[in-house]
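*Asks:* Listed below, chain by chain, are the residues.
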Amino acid sequence: MKACAFEYERPRNVESALRLLSTENSKILAGGQSLGPMLNLRVVQPALLVDLRGIEELKSVKDEKDSVTLGACVTHAQIEDGRLPDPTRGFMREVAANIAYRAVRNRGTIGGSLAHADPAADWPSALSVLGATVLIAGPGGRHEIPIEKFLTGLFETALKTGDILVAIRVPKLSARARVGYWKFCRKAGEFAQAIGAALDDPERGVARAVIGATRGAPHILADAKALFAKPEKQALLHAVDGAGLAADAYNRQLHAVALRRAIEKLAA
Amino acid sequence: MGVGARLPRKEDRRFLRGEGEYVANIRIHGMLDVAFVRSPMAHAKIRGIRKFPGVFTSEDLKGVQPIRASSSLKGFKSSDQPVLAAGKVRQVGELVAMCVAATRAEAEDLADQVELDLEELPAVVDMIEARINPPALVHDEWGDNVFLESLVDDDLSELKRNAAVTVKRSIRTARQHMSPMEGRGVVCEWNRRLDQLVMYSAAQMPHLNRAGLAECLGIDQGSIRVIAPDVGGGFGYKGILLPEEVCLAWLCRKLGRPVRWIEDRREQLSANANCREHHYDITLYADAKGKILGIDCEATVDSGAYSSYPFSACLEGAQVSSILPGPYKMDRYRCRTWSMATNKAPILPYRGVARTGVCFALELMVDAAARELKIEPHEMRLANLVQPGEMPYTNITNKHFDSGDYPEAVRRAARMIDVEKIRKLQKEHPASVRKIGVGFAIFCEQAAHGTSVYHGWGIPMVPGHEQCAARLSPDGVLELRIGAHSHGQGMETTMAQVAHTVLGVDPENVRLVHGDTATTPYSTGTWGSRSMVMSGGAVAAACDVIAGRVKAIAAKLLEVSSQDLILSDGFAVVAGTDKKMSLAEVAHVWYRKPQLLPADVDPAGLEATAGYKAKVDTGTFSYACHATTVAVDTETGHVEILDYVIVEDGGTLVNPMIVDGQVFGGAAQGIGTALYEEMPFDEQGQPLATTLADYLLPSATEVPSIRIDHIETPSPHTRFGQKGIGEGGAIAPPAAIANAVNDALAPLGVEITESPLTPRRIVEAIMKARV
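Chains as they are written, first to last, in our numbering: chain A, 1 to 268; chain B, 269 to 1039.
All clues given are correct.
Straight-line distance between alpha carbons at most 25 Å, and here's what the computed BS3-like set of lysine-lysine pairs gives: (1) B/K1036 x A/K233; (2) B/K861 x B/K824; (3) B/K356 x B/K319; (4) B/K689 x B/K642; (5) B/K319 x A/K2.
Here are a few chain A residues that face chain B, going by a calculated C-beta distance under 8 Å: (6) M1; (7) A3; (8) C4; (9) F184; (10) R186; (11) K187; (12) A188; (13) E190; (14) A249; (15) Y250; (16) Q253; (17) L254.
These are computed hints drawn from the structure, not numbers from a lab. Just so you know, even glycine gets a beta-carbon here, dropped at the ideal spot from N, CA and C.
Let the hints inform the model, and build the full structure from the sequences given.
*Replies:* Encoded structure:
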C-alpha cells in the first residue's frame, strides 16, 4: 500500500507550525511510527503533513528543581540511552528500552506516542503513574493539563484541532520512591495486552497505580495504599472490574496479574 | 570442498552485502505499475463494476482461460479459477480488477475509485460446517463443498473390543500464512523481436509457471520465457501459477509496455493465508504396554476456494491419509479424509506440507496414551518405532522407508534434553505458577519422491528425470544449468560441491545457472525437499560424462591410457606420477587447438546434458526427533522455550552447515506454528489478522538456541546417500512444544489439542479445568 498524495512542511518554530495546522485536513508528523503505517494503509489521508522535527524547542529538555520537562520530539532511544536527565532514576529508561524494537525507538517520540493515545502503548500508562503534566500550544495560546485529563479515551486526548503537544513535565521522584511496571506482550516488541504500573512515593504522599492497555484511557487508582499493602486476588479483580474489563475472563485475569506483578516490584 | 564439507555459501557474497537481485529490483524503461482491486467480501455475486480508463476486468481479458488444476483421483471436483473474478467472488482478496498507472501509488488511487456492486452471499468459513451443514455452495455446480473424499479402510472391530487403552481426541491446527521475507512479484514485458513474453517472477518452479501460462494464454511454451531471479524465500508460497502472472502477461502485450506488480504485506496477509488448516477426529488403540494396535481417523482439510496450479486442492488431504501412521508400526489403520472448499484462500503446500499437521495429531495422541498408561512419552515411542534391523521397511500405507535408526534418534534426544532432570525439577516446586514440561515429537519425511508416487495423483505436475546441462568453458570454468531453482537453499554452493567431488573442479570455478526457462533444462522445480537428491544427482551424472571426455582428451595429450588418469584439484593427473594437465588446458585444446585432439574424440565435446532419477523413486526418508523443555506461566499463558534439541538424519550431508541452517530456519517456522501464527476469520469470512501487528511471527527473541545432533545413515537409493531434508525442521516443533506444554499442565488436568497454543487458549483451558 502506498499513501495518498499529500503536501509536506517542516516548520522551524511552534508559531509557524500552528499557522500551518490551521490548514484544512492537516496532520502532525512526529516520529511517524504509528502515522507511517496508517498513511500507507490509507487509514488517514491528510492534505498536509506538518513535520515537527525541525523545531528545536520540541527537542529540548529542561531540568528544574522538582521536575524535568521533555520536549515532545524527544525519542524513546534518547531516553533509553540515558542521554537526558531522568527524573525517575532509571524507571523511564527501563520503560523506553522495552518499547517495540530499537528501529522504532530511534524515531518514535514520547510526545507522538502520548498524542496518539494508543492504550496498548507504554507512555500513556507510565506517564500516568508518574503524574506527568502535558504542555500544549494552540491557536489561542499555551496551557498545561494533568495527564489524567489529557488522556480521555481510546486514541482520544484533550488536544483540539490545531493544537500541538509541546512538552511533558515529569515530577522528580523522591529518594525513597519506588516504581513497579509490568506488561504482558505476546512476544517481545509487540503492543501490550495488559499493563500494570505502581508508584509508591511516601515523601510526596503518592501511592498511585495504573491499569493500562485497557479499551480506553489508562485507569488510575489515585490511592492504592491498601492494594500495595495487600495485593490480594479479590481486590485486584475489583480494581480491574472498575477499569471496565470484567467482560472477558482471560483479559480480566491478565490485567489483575499485571497489576499484582507491578505492585510486587515495589518491594523488589 | 566436495560432498560433506562445511563450505561457506558462495551466494552469500551478494546476499550479505544486500546485493541480491530480486524481482522488485528490476527496472525496465517505460515500465508501468499495477494495483489490483480485490474482493472485500468472501462470497458474493458480482452485479456490476464501475470502472475507468486504465482499469481492466474479466470482460476485457477475452480468450484468457481460467486456471484449472485437476486431479485424476476418483471423485475429485475441478474448480475453474478465473484470473479476474467473473460472476462471483469466492474469497476476500480475490482479484476483481487490474489498475495500471505510472506508479503504484497512482494505480492504488485508481483502484480506490473503482466501484463494486456486490450482492453478499452467506460465506462458507468453517470446513466442518462446509460439509455437514453448508451455509452455501462455493461452486454452485458441485452440489456440495467437497473437493475430494478419500478412504483407507480397515476392520477395527477387534481393536474396539480388546484394546487396553482407547484414546479419542479432536485436534485442530490453525490456518496460517507462509511468510517469506520477499513477497510475490511479477514483471512482464513483450519482446517484439522474439515475439516472446518475458516474465520475471519470484517463483520456485519457473518451468511450471511457463507451462501454466501457455495453457491460460493459449500460446506455445516457446513464446514464453520465465526468469526467476534471486528469490527471498519460498516455502511453497511461490510454487504456484498466479492469476496475477496471467493478468500481467496479458496486460504487457495489450499495452505494449512493461508492467509490474509487487505484492505488499497487506495483500499477502488478507488475500493469501493459505495453509495448515486441518481437523482430526482421531482414536488410538494401544495395549497395556503401550504398543499401538491401530488408529482410526476422520480428517478434514480446509482447501479454500480454488484448486491451485500445479499441486491442486487434493494434495494435502490425500497426503494426510497416506502419512498419518508416521514412523510407527501398527497392524490396523483406517482413515477417511475430506478436502473441503471454503470461501478462503486456496490451500498451498507449506514446508512439510500435511506432515506438520499430521505429526501434531499423531504425536499428541501418543503422549495422551502415554499419560493414560503412565509411561514416559519417549519410552512409548521406542516401543512402537520401526527398528533399524527392519530397514528397508514398508509400512501400513505402503510407504517404503529406505534406511535409518529411528529409536536411536529418540534415545539421543532424551539424553540431550535430560528427561530425568526435568522430572526432578517438576517435583521440586509443585505449587509454582510456573510449570515445567518436556515434550517429544518424531517424524519421518518422504522427500524427493518421484514418478511412481506422483503419477497416481494425476495433477498437472509429475516429476520424471531431472537434468543438468554442463559445459566446461574454454577457461576451465564449469557452467551447470539446472531447472530447479534456489530460493534460499544455497544451491550455488552445494551443486558446486557435487561437481568438485566428481570432477575435481574448484567450487570457485563453478557457475550455477538456474531460474531461467530459456537457458535451463525443463524441471518441475524446487519443492518437496528434492533438489539435492534430484538436481544433485543430475549434476553428478553430467559431470560423469564431462569427466570421461576430459580424460579422453587428456590421455591423448599426456600419451597415457585414460584409465590411468584421475581427476583431482582441477587437474587430470596420471596416477602415481606428477604428470598432469589442468581442466583449463584440456578445455583450451578442445576450443582453441582442435588440431591436437584425438581422432576418435567424442564430437559432443565438453558440453553434456545428463539426467537422473533414483533407481527406487519412492523417496528418501529423512527423520528427526525433536525434544523441548518449556516453562508455562499458568497465570498469563506465556510459554517460554527453555531448551530445544533436534536429532536429525538426512543421510549423507552435502554441506552440514547449510543443513543446520535449514533445520534452524524450519524450526523457527515450526515455533511460529506452535505458538504464534494464526489467521482467524469472522463469520462473513473476513480475515482478522491483516497486518503483522495482528499476525504474529516469531522473531529472534522467540527462537531459542537449538542444539542439533546428526545421525548419518546414507540412503541406499541416491547418488551420494543424501536425503531430502529441507522441510524437516518445520514439521515437529508444534507437536513437541504442545506435548511439553501438556506435560507441564498435566498436574492441573489440562490438555490442549489446538494450535497455536496461545496464552488465551492456555489460560482458558486452565480456567475450565478448575471449574
